[in-house]
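Enquirer: Here is what each chain is made of, one letter per residue.
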Amino acid sequence: MMLLSEEQIKLKEQFRKFVDQEIVPKSSSQDRNEYLDEDMIHQLAKEGYLGAMIPKEYGGLGLDNVTIGMLNEEIGRGCSSVRSLLTVHGMVAIGIMRWGTAQQKSKWLPKMATGEVIGAFGLSEPNVGSDANGIETIAENNGDHYTLCGMKKWITMGQCADLYMVFAKVDGKSSAFLVEWKTKGFSREPINGLLGLRASMTGILEFNSCKIPRDNLIGSEGTGISHVVHSCLDYGRFTVAC
Amino acid sequence: MCIKEGSFMDYKRNIRGFMNKFFRKSDLRDDDDIFALGYVNSLFSMQLVLYIEKEFKLKLDNDDLNIAYFRSIISIDELINRKIIQMSARTSK
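Heads up: the protein sequence lines correspond to chains C and A, in order. Numbering follows the numbering used here, in which position 67 of the first sequence is assigned residue number 67; successive positions increment by one, without gaps. Numbering follows the numbering used here, in which position 56 of the second sequence is assigned residue number 56; successive positions increment by one, without gaps.
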């Protein structure tokens, strides 16, 4: 039997209090309106919860997995859409932490820890669902940049994120890219009328010849599915299961 | 396992032992391309990374994420030795 430490018990109480005060009262209206309250995102950021999985050296809380589990369990109790924000934001952060360059880590992780940048995960597509190997989005290697073309669907926080981890094939090899919302040729639209997780800002992403700097490649060409995606999905599965 | 820091060692037997849990191919040669043979599923690559990190107390990072480094028992052995030498050089500075 595993016993929680005093610190973990203290944090669990803190999570519970936050959820009861900040999330539960807004949960029903968020679900009806299919919209995640921006004040709530600010509150999550203020508490440091958006950086729960990010090491302290990058400004995160650097929580252990058990405590991250408790955080997601509590937040999911209040509103699973808010929990889904923590999940996909964390998946992107985990991908950068695990396989990003030192430059990518120092550029993005501090901003993700404070909530200045919200992350979303772009894997599933209209024709292939979440069959990672079957993705049709392509990225053409043009030397100092890639040209990204394709569509992603069912993307949690797809309507509002600032930074997307997008999976595309380069000459048939799956690869992971960081794509900023401000990128020219990148558009997004909401998916409404869902039965559940209605405030998770689910969206469709479209990439119309987006120019992605070479420095935004995570890992190397061909390791997007074999390495990067699995690191992220492990975190995703774990936090959803909480 | 005991690793003598800074020395070039042969870890192919260890790697083969790990591979055999997945492939059940007793005649796997040291230079066989495990990707070309089609034995690798989508989960195996990360399991291999985790095995290397845990077994040899290494941290693989962005620079090591090259499929060629994981292609055969020989290339994995070379990767492990290269990382051990790098780690040893860093700690001796």
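Please note that the accuracy of each hint is not assured.
Claimed, not checked - Chain A is faced by these chain C residues, among others (derived, beta-carbon under 7 Å):
no., residue
1, Ser5
2, Thr101
3, Gln103
4, Ser220
5, Gly222
6, Ser226
7, Ala241
8, Cys242
Unchecked claim - Listed below are the simulated BS3-like cross-link pairs for lysine-lysine, each with C-alpha atoms no more than 27 Å apart in a straight line:
no., chain 1, residue 1, chain 2, residue 2
9, C, Lys107, C, Lys26
10, A, Lys59, A, Lys21
11, C, Lys56, A, Lys25
12, C, Lys56, C, Lys107
13, C, Lys107, C, Lys17
14, A, Lys59, C, Lys111
15, C, Lys107, A, Lys21
16, C, Lys105, A, Lys59
17, C, Lys26, C, Lys105
18, A, Lys57, A, Lys12
19, A, Lys12, A, Lys54
20, C, Lys10, C, Lys26
21, C, Lys17, C, Lys56
22, C, Lys105, A, Lys21
23, A, Lys25, A, Lys12
24, C, Lys182, C, Lys10
25, C, Lys211, C, Lys184
26, C, Lys173, A, Lys59
27, C, Lys46, C, Lys10
28, A, Lys57, C, Lys105
29, C, Lys105, C, Lys17
30, C, Lys153, C, Lys173
31, C, Lys46, C, Lys26
32, C, Lys46, C, Lys56
33, C, Lys56, A, Lys54
34, C, Lys153, C, Lys182
35, C, Lys56, A, Lys21
Don't read these hints as lab results, they were simulated from the structure. Predicted, not measured: the structure shown is a model, and the values here were computed from it. Glycine residues also receive a C-beta, built at the ideal position from the N, C-alpha and C atoms.
Enquirer: Next, verify each hint and record whether it holds.
Expert: Each hint tested on the structure:
no. : hint                   : result
1   : Ser5                   : violated, 24 Å
2   : Thr101                 : holds, 5 Å
3   : Gln103                 : violated, 10 Å
4   : Ser220                 : holds, 5 Å
5   : Gly222                 : holds, 5 Å
6   : Ser226                 : holds, 4 Å
7   : Ala241                 : violated, 17 Å
8   : Cys242                 : violated, 21 Å
9   : Lys107/C with Lys26/C  : violated, 33 Å
10  : Lys59/A with Lys21/A   : holds, 23 Å
11  : Lys56/C with Lys25/A   : violated, 44 Å
12  : Lys56/C with Lys107/C  : holds, 15 Å
13  : Lys107/C with Lys17/C  : violated, 33 Å
14  : Lys59/A with Lys111/C  : holds, 25 Å
15  : Lys107/C with Lys21/A  : violated, 40 Å
16  : Lys105/C with Lys59/A  : holds, 16 Å
17  : Lys26/C with Lys105/C  : violated, 33 Å
18  : Lys57/A with Lys12/A   : holds, 16 Å
19  : Lys12/A with Lys54/A   : holds, 16 Å
20  : Lys10/C with Lys26/C   : holds, 24 Å
21  : Lys17/C with Lys56/C   : holds, 23 Å
22  : Lys105/C with Lys21/A  : violated, 35 Å
23  : Lys25/A with Lys12/A   : holds, 15 Å
24  : Lys182/C with Lys10/C  : violated, 40 Å
25  : Lys211/C with Lys184/C : holds, 7 Å
26  : Lys173/C with Lys59/A  : holds, 24 Å
27  : Lys46/C with Lys10/C   : holds, 18 Å
28  : Lys57/A with Lys105/C  : holds, 23 Å
29  : Lys105/C with Lys17/C  : violated, 32 Å
30  : Lys153/C with Lys173/C : holds, 20 Å
31  : Lys46/C with Lys26/C   : holds, 17 Å
32  : Lys46/C with Lys56/C   : holds, 15 Å
33  : Lys56/C with Lys54/A   : holds, 23 Å
34  : Lys153/C with Lys182/C : holds, 19 Å
35  : Lys56/C with Lys21/A   : violated, 37 Å
Consistency note: the structure conflicts with the earlier hints numbered 1, 3, 7, 8, 9, 11, 13, 15, 17, 22, 24, 29, 35.
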